[in-house]
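Visitor: If you're matching them up, the sequences are chains A and B in order.
If you count by our numbering, then the first sequence holds residues 190 to 535, one letter each, in order.
If you count by our numbering, then the second sequence holds residues 39 to 319, one letter each, in order.
Warning: the hint list may mix true and false statements.
[Claimed, not checked] Below, simulated DSS-like cross-link-like pairs (lysine-lysine); rule was C-alpha separation at most 27 angstroms, straight line:
| no. | chain 1 | residue 1 | chain 2 | residue 2 |
| --- | --- | --- | --- | --- |
| 1 | A | K280 | B | K134 |
| 2 | B | K134 | A | K397 |
| 3 | A | K249 | A | K323 |
| 4 | B | K199 | A | K280 |
| 5 | B | K196 | B | K134 |
| 6 | B | K196 | A | K280 |
| 7 | A | K373 | A | K235 |
| 8 | A | K522 | B | K163 |
Please keep in mind that the hints were generated in silico from the structure rather than gathered at the bench.
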Amino acid sequence: MSTQSPTLHPVEETAATEQISEDARAAADEARVGWERFEQLIAEDKRVEPRDWMPDNYRKTLVRQVSQHAHSEIIGMQPEGNWITRAPSLKRKAVLMAKVQDEAGHGLYLYSAAETLGTPRDELYEQLYTGKAKYSSIFNYPARTWADIGAIGWLVDGAAITNQVPLCRASYGPYGRSMVRICKEESFHQRQGWEILYSLSHGTEEQKQMAQNAVDRFYGPALQMFGPPDDESPNSRQSMAWNIKRFSNDELRQRFVDMIVPQAEALGLRLPDPELKWNEERGHYDYGDLDWDEFFSVVKGNGPLNHQRLAHYRAARDNGAWVREAAAAYAAKQQQTEYDAALLAA
Amino acid sequence: MNETAGFTAQDSATRISVGDAITPEDLRSSGAATDEETARYALILGDDSLMLAQRLGHWISRAPELEEDIALGNIALDLLGHARFFLTYAGTAWGKTEDDLAYFRDEDEFRSARLVEQDNGDFAKTIARQLIFSFYSHELYSRLVDSADETLAAVADKALKEVAYHQDHSAQWLLRLAGGTEESHQRMQAGLEAVWAYVDELFYDAEPTPKLAEAGIAVLPSTLREPVMSRLTQSIEQAGLSIPEVKGAFGADRSGRFSEQRGFILAEMQVLARQHPGATW
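Using the sequences plus the hints, can you model the full thing?
Guide: Written out as structure tokens, the structure is:
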């Protein structure tokens with residue numbers, strides 16, 4: 190090229206320009222190949238792994254979803270954790286402790302899954318700390334009585350499982366795999382919640398009333414955990430196209446309602462929805478409208494405990510800062526000592 | 039029961055022991071019944087573990103890092119497990135359950151040492167308390183495995199394996215806090231100072247331990263003092279900290295002279311159970 194045309198530019202510059210365009214072309218080729226491969230993986234319903242090329246929006250959507258899920262596990266430790274010291278029997282205390290501890294574990298897997306997408310845990314912590322990140326609104330409701338621990342297990346964890354079982358097949362490998370273990374533990378959690386309510390609803394009159402009140406309070410918010418109705422859920426369509434989400438919000442909500450109606454009957458407790466009835470034609474239970482004004486208000490930060498939950502989280506981070514600094518300083522000193530020892534030995 | 043519910047009341051949602059490990063429920067249903075004196079000894083062991091489990095349980099969701107929420111939760115769960123065995127076993131002498139003993143005894147009926155009742159304080163104080171208790175209980179269980187009482191020996195055997203991890207956890211944090219930053223060094227030293235007055239009580243030969251020790255059933259606490267203190271001294275000095283110059287607090291005898299904190303611990307722990315006497319949960 191340079192031999193045929195008279196050089197208007199210095200030779201070096203031309204070479205540099207050619208190099209840049211070479212690089213750009215190579216990058217474009219790689220992106221095209223990556224894109225095609227990504228499209229193919231999705232079309233064939235296979236897994237996308239951390240080192241695979243993926244569209245920026247796919248990555249962003251996943252980081253948002255996975256970290257929100259992780260944050261929900263962490264904030265979710267609070268309402269139940271607040272009953273550990275008051276659990277009414279030692280067996281219940283042990284089970285509750287194990288459960289809240291599982292939630293910390295879920296948070297860990299999920300933060301790790303998010304890290305494989307290139308966002309460090311500290312950055313995600315910061316988003317939660319500053320209030321920028323969202324977490325499941327249900328945890329902004331108080332756990333007032335022991336029966337709430339049962340209702341949270343049965344309804345909240347039950348809704349979570351309904352949502353999460355299809356996520357075990359999510360197209361992003363690390364997310365799907367972390368969900369497999371989480372779902373196993375969540376189904377145990379739902380069972381313990383149901384069992385708490387069963388003991389209460391078959392106990393004294395006061396216990397039964399406590400159980401009914403808890404179900405009355407958590408039923409609506411639990412149904413809202415699936416998110417807004419399909420026609421008001423802007424992100425759902427793309428997530429479904431990418432095989433992250435497999436069923437729509439309303440489909441999952443229906444599945445959940447169909448599951449809990451017979452379970453409530455077995456408990457001998459009433460679900461607080463006068464419109465709840467079997468629809469022979471649809472083969473599903475019909476249920477009444479939910480209070481979406483309340484939902485959006487809680488999402489925006491005006492739930493009963495939004496401030497308390499965040500303040501609790503911040504206090505834990507603040508009070509522990511010196512411990513994390515100490516651990517980091519100690520590790521750095523150890524590394525330096527090992528380095529010095531290696532130098533001396535050499 | 040409605041089968042479509044997917045659950046039955048008999049589901050083992052609350053069986054937390056892995057594999058074939060014995061559970062407090064197994065112990066109770068085995069029909070084993072102990073005598074009054076062994077029961078009183080088991081209460082001492084059970085109450086220590088119960089109080090500390092209750093204290094540690096408060097850390098969950100408040101720890102400096104997620105890994106520590108899990109670690110402190112694990113230790114609390116192990117200790118609660120030990121407490122459940124000891125209280126269940128003690129209860130067989132009086133026809134009482136673990137919950138009767140945990141929830142319906144008053145302050146002056148507990149036998150726990152003041153060390154385990156101390157409040158959590160900062161992370162360093164919690165680690166100091168845990169270091170002392172796990173070194174003590176490791177030494178204790180490593181001898182109790184040879185108890186002439188088969189149940190106590192079996193519980194000690196299970197507990198010993200778990201307490202080995204608790205020791206490691208505290209010792210590792212002792213090193214990190216002592217050798218981390220200036221602040222953490224000072225806090226770790228202050229944590230030791232804050233609980234040191236209550237170490238002595240762990241080695242007091244409270245009734246009916248001496249008689250049971252003679253029969254090969256119990257471990258005499260005073261015989262634990264030398265090995266435990268020597269290991270504690272070594273670990274603390276190796277970490278670059280000093281043994282606090284704090285005298286043992288008066289009344290170190292697991293008697294009625296318990297800490298002011300015990301009442302608050304029990305008020306919180308027992309409140310719901312006592313609001314509904316006779317209820318099952």
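Visitor: Indicate, hint by hint, whether the structure satisfies it.
Guide: Taking the hints in turn, this is what the structure says about them:
1. Straight-line distance between C-alpha atoms of K280 of chain A and K134 of chain B comes to about 15 angstroms, which keeps the hinted pair within the 27 angstroms bound.
2. A distance of roughly 26 angstroms separates the Cα atoms of K134 of chain B and K397 of chain A; the hinted pair therefore holds under the 27 angstroms criterion.
3. Distance check on the hinted pair: K249 of chain A and K323 of chain A sit about 14 angstroms apart at the alpha-carbon level, within 27 angstroms; holds.
4. Between K199 of chain B and K280 of chain A, the direct Cα distance comes to roughly 21 angstroms. Compliance with the 27 angstroms bound is thereby established for this hinted pair.
5. Annotation: proposed proximity of K196 of chain B to K134 of chain B holds, straight-line Cα distance about 23 angstroms (limit 27 angstroms).
6. Restraint check for K196 of chain B and K280 of chain A: the C-alpha separation of about 18 angstroms stays at or below 27 angstroms, so the hint holds.
7. Taken as a hint, the K373 of chain A and K235 of chain A pair is honoured in the structure, with Cα atoms around 22 angstroms apart against an allowance of 27 angstroms.
8. For the hint linking K522 of chain A to K163 of chain B, the alpha-carbon distance of about 23 angstroms falls within 27 angstroms, and the restraint holds.
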